[in-house]
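Enquirer: The lines below spell out each chain.
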Amino acid sequence: MSTIDFTRELPVIEGRPSLREIDDIIAKPLESKPDIKYYIALSITLTMLLIGAVALGFSFYYGTGLWGNNNPVGWGFPIVNFVFWVGIGHAGTLISAILFLLRQRWRNGIARFAEGMTIFAVITAGIFPLIHVGRPWLPLYLIPHPNQHSIWVNFTSPLLWDVFAVSTYFTVSFIFWYVGLIPDLATLRDRTKNRIKKIIYSVTSLGWRHSNRHWQHYEMVYLILAGFATPLVLSVHTIVSFDFAVSIMPGWHTTIFPPYFVAGAVFSGFAMVQNVLIFIRKIFNYEHIITIDTLERMNKIILLTGSLVGYAYAMEFFIAWYSGVQAEQFAFLNRAFGPYAWAYWIMVTCNVVFPQLFWLRRIRRYIPVMFVIAVFVNVGMWFERFVITVTSLSRDYLPASWAYYSPTLTDGAILLGSFGLFFTCLLLFTKTLPVVSIAEVKAVVEGSQPSHGDH
Amino acid sequence: MLDDKILFGYTGLFNSPNEIIRAAEKVSDAGYKKYDVNTPYPLHGMNSAMKLPPSKLGYAALIFGLSGMLAALAIMYWVAVIDYPLIIGGKPFFAFPAFVPVIFEVTVLSASIATVLTMISIFFKFPNISHPLHDTDYMKAVSSDKYGICIQADDAIFNETEVKNLLEKLNAHEIKPIYYDDNEIKHKNTVFEPRFLILLLFVALITAGATYFAMNKLLYAVPFNWMETQEKLNVQESSVFFSDGFGMRNPVDGTVSRGNLPYQFNGNPEAASTYLKNPLFPDDKNISIGKAKYDTYCSPCHGYFGEGNSRMRGQFPNPPTLHSEKVRNWKDGSIYHVIVDGQNIMSSYASQLTYQERWAVVLYIRVLQRSLNAMESDLE
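Protein chains in written order, with this note's numbering: chain L, 1 to 455; chain S, 1 to 380.
This is chain L alone, in the form it adopts within the complex (with noise of 0.2 Å):
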């Protein structure tokens, strides 16, 4: 121990497994039958996704005054959560991509599983702006089309922004997945005696034969994705962020938001797939896979991003000072100590604070206290949200029309049908999908890779 080779990288998995091994452990939840804990999730799930199904059902029906959005506060519930699950969705693309880019091998091992969260988490944030607009039949509005009004889009909105932003985020994830899927899908195929199974990873692998002349531009058309991926990911929540930015709202119009909230995203997207990993490590036996140095990475990322979260919220509080602009400084004065104080210093303790312990290398490795904090960074996070969004609203320019914005039974009902949404996907997904990347952890097991040396 008291020379630290470093030089030498360290393996990113655990125990020298064969490939044969690597095959079986990540192809067996696809193989068995789940068991009684599973299904015992997945019921939960479904009954929280249920429960969200009846309150949009009555949404639909009774229409959105079912919900707490009012004058002033118009964007409420429905932008919050928008906003949280959008960030939710950034660690994905940002292992999948950045971290590729970057040449960082530990990558590999969560990058499926990270890639999956996303595109769950795309779809459930895509929910919350159809809803918002009141008449969810009518997205085709959102999307510039010669129309019987003669009318376009404005293009020069941040709300059509983010339609194309969204959407482009979600293809561009799902292609990256489906494109990293392909040769796990065609070694199942291999695998497989059921021949329902067969058919199935037949069609979707589309006949991968594992060529090297098909994995050379399979490499480089990874290559060229992870490099639009990266400015991409960046791109989404800069213009989420512009939502906000580009108003002239006290507390929302600043340039500090497109880094800030990217750097939230970040922060909250993962959290959130280090919760997730805890359990599928665990569940699935893939400790090897998944190290503990994996997620001493991942929580180091966390406390990076929670201190850019941290100085994000104290710039703020410069510039409102320093801009000199009263709105400004009324609206931040608002927010931590008027009626939405409470909000504000949950978000402060869960998103600066907790976060901090991440410095001692005992708790960056200790799983129960790693994945509390996590816990509280999603917390924090939502309530991030919360807070920009209701606090400038319920307090704007003009006095008269202030109000206190309350959500409904209804609103948490979504809220909550979200959360069923996203899990029962993660559920179905961790049965009907490899989610560890075979071929990708292959390559990075030790004696994968030929030595240069003797030939």
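Heads up, a few of these hints could be off.
[To be verified] With the Cβ distance kept under 10 Å, some of the chain L side facing chain S (calculated, not the full set):
#1 Ile22
#2 Trp137
#3 Leu138
#4 Ser157
#5 Val236
#6 Phe242
#7 Gln449
None of these hints come from the bench; they were simulated from the model.
Even for Gly, the Cβ is constructed at its ideal location relative to N, Cα and C.
Let chain L serve as the given structure and place chain S on it in line with the hints.
Expert: Relative to chain L, chain S alone:
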């Protein structure tokens, strides 16, 4: 029996990455062109061992990305500047900075989709699930933990024994020939089989039915009914709420709508002539309003100059002239009363003319009368 089959190629398996790299180099050096290496994951250094030229997919990404970018810019320019120019937030029609986010997203979207589709369909010729290698033991091995090489029979210098010897010399395991699947070669096009046609028919029927249901029924069901039926009463509808069954209600007695003081002298021309005074000053503006209204509403019967020469060609009795001694001596109030209340066969014009317009018409009638009976003082 084996001779009937068509040879696809020879395969051999290796256990370690180093062996397969060496094998690929040797096969490539021996001059083979149509061979392939199959590995469960991409191996570093294999591309140079096989002497593969760099992938050209980057060009596809560049071309499609640039096309998407220019298309987005062109469409937004056409929409915002040519087709429907609209000033939004004081920005110019061509608000380039505000177009950047959409241009960026469309660039990324089109480049990503098109590059992946290009790779799959043009570079890989996928989907193709009937390749001779599929479902062989060789494929099952290389998709898990073995590294394989396959030399194809259609290579220019392919010779069965030489290839076998080469693979043996490289210490390959399980050197095996791969044949085309007879069933797949003889497989005929099944598109026109009745079974498939029936399937197509069902798909068409279901699609059509679902579309019809969605567009004609579902879109008009509550709550997706475009607000066609609303919980309110339209004009002329009956209502069970009121005892008289009418949906429409009369205003409360004594209601006066804004700007419409009720006329107090109905059937009482004397009072009108006594109490009503023209509030308008006979200036150009008021007289020209009066002329316009007179020409529209009065002239059909009274004639353009008030002489009673109707344009109705006898379909309606001609009124007497407005230039008679009697009418000239009337007070303004009397003329106003006739306009509002009617007289003999003439009906009320109260609903056609507003309060102001009626008095303007009175002014104009005075002008007409004066024009035929000018006094000497008018010349001064």
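Enquirer: Does the CB of Ser157 of chain L sit less than 10 Å away from some CB of chain S?
Expert: holds, 8 Å
Enquirer: Restraint: Ile22 of chain L near chain S, CB-CB cut 10 Å. Satisfied or not?
Expert: holds, 8 Å
Enquirer: Hint check: is the beta carbon of Gln449 of chain L less than 10 Å from a beta carbon of chain S?
Expert: Holds: closest Cβ of chain S sits about 5 Å from Gln449 of chain L, inside 10 Å.
Enquirer: Regarding the hint that Trp137 of chain L lies at the interface with chain S, is the smallest CB-CB distance below 10 Å?
Expert: Holds, because the Cβ-Cβ distance from Trp137 of chain L to chain S comes to roughly 5 Å (cut-off 10 Å).
Enquirer: Per the CB criterion, is Phe242 of chain L less than 10 Å away from chain S?
Expert: Holds. Min distance 7 Å.
Enquirer: When the nearest CB of chain S is found for Val236 of chain L, is that gap smaller than 10 Å?
Expert: It holds, given that the least Cβ distance between Val236 of chain L and chain S is near 9 Å, below 10 Å.
Enquirer: Let's test the interface hint: is any C-beta of chain S closer than 10 Å to that of Leu138 of chain L?
Expert: holds, 9 Å
Checked against the numbered hints listed earlier, the structure breaks none of them; every hint is satisfied.
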